[in-house]
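Number 70 in numbering that gives the first Met the number 0 belongs to position 71 of the sequence shown; there are no gaps in the numbering.
Please note that the accuracy of each hint is not assured.
Stated by the list, open to error - Pairs of lysine-lysine, BS3-like flavour, derived with a Cα cap of 30 Å:
#1 163 with 129
#2 129 with 143
#3 119 with 143
#4 163 with 119
#5 119 with 129
#6 163 with 143
Unchecked claim - Pairwise CB distance ranges, derived in the manner of DEER restraints:
#7 166 with 48: 14 to 22 Å
#8 153 with 52: 33 to 41 Å
#9 56 with 120: 30 to 38 Å
#10 94 with 115: 19 to 27 Å
#11 143 with 70: 20 to 28 Å
#12 115 with 93: 19 to 27 Å
In case anyone wonders, no lab produced these hints; they're calculated from the structure.
The beta carbon of each residue, even a glycine, is placed where N, CA and C say it ideally should be.
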Amino acid sequence: MKRLFSWLILLFPLLIQASPAVLPSHPIYVSVCEIDYNPETQHLEVALRMFIDDIEAAMEAEGLSNLRIGSPAEAPEAPQYLERYLRQHLRFAAGGAALPMDFLGTSVNQDVIWCYFEVKGLPPAPGTIKLTNTILLDWLEEQKNIVYFRSQGAQTNLLLRHGKSEAIVSY
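Whole structure, please, built from the sequences with the hints as guidance.
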């Protein structure tokens, strides 16, 4: 018994170092886009969640720096640049034609920003939409964009990433 205890004392530091809790955490690069089809208005209601530091880094890579999104020192042009970036990287089409997207605004919760859109001009249901989501993909190869599309009681879950940034969804 004494010998077992001695071995445990020797191995304990090695076990602690190998513990997942001690290993450095790897950042997760993910956005979440929730899309709800509203059959009464025939519009899509879109809520997009991203980490502020990620979207700022992606926009900085495009030459837009010091935006300080969501902070008291936010640059006056930050909302306009954010909207422009999102319109370039989140697109909807039906029948080969782009669908108009109204930017409704944002809300910030600590290090996360929610962006809200409404997509109009959908053909009458039932139909299909082509969704393209390249948000942050040009900035970071590890980026994943999760999409939850809900329509008339059904939900479609998508994982978009490099090499697969488009999907067709039915409503």
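Quick rundown of the hints versus the structure:
| no. | hint | verdict |
| --- | --- | --- |
| 1 | 163 with 129 | 13 Å, holds |
| 2 | 129 with 143 | 18 Å, holds |
| 3 | 119 with 143 | 26 Å, holds |
| 4 | 163 with 119 | 25 Å, holds |
| 5 | 119 with 129 | 14 Å, holds |
| 6 | 163 with 143 | 10 Å, holds |
| 7 | 166 with 48: 14 to 22 Å | 18 Å, holds |
| 8 | 153 with 52: 33 to 41 Å | 34 Å, holds |
| 9 | 56 with 120: 30 to 38 Å | 33 Å, holds |
| 10 | 94 with 115: 19 to 27 Å | 25 Å, holds |
| 11 | 143 with 70: 20 to 28 Å | 26 Å, holds |
| 12 | 115 with 93: 19 to 27 Å | 21 Å, holds |
The structure fails none of the hints (numbered hints given earlier).
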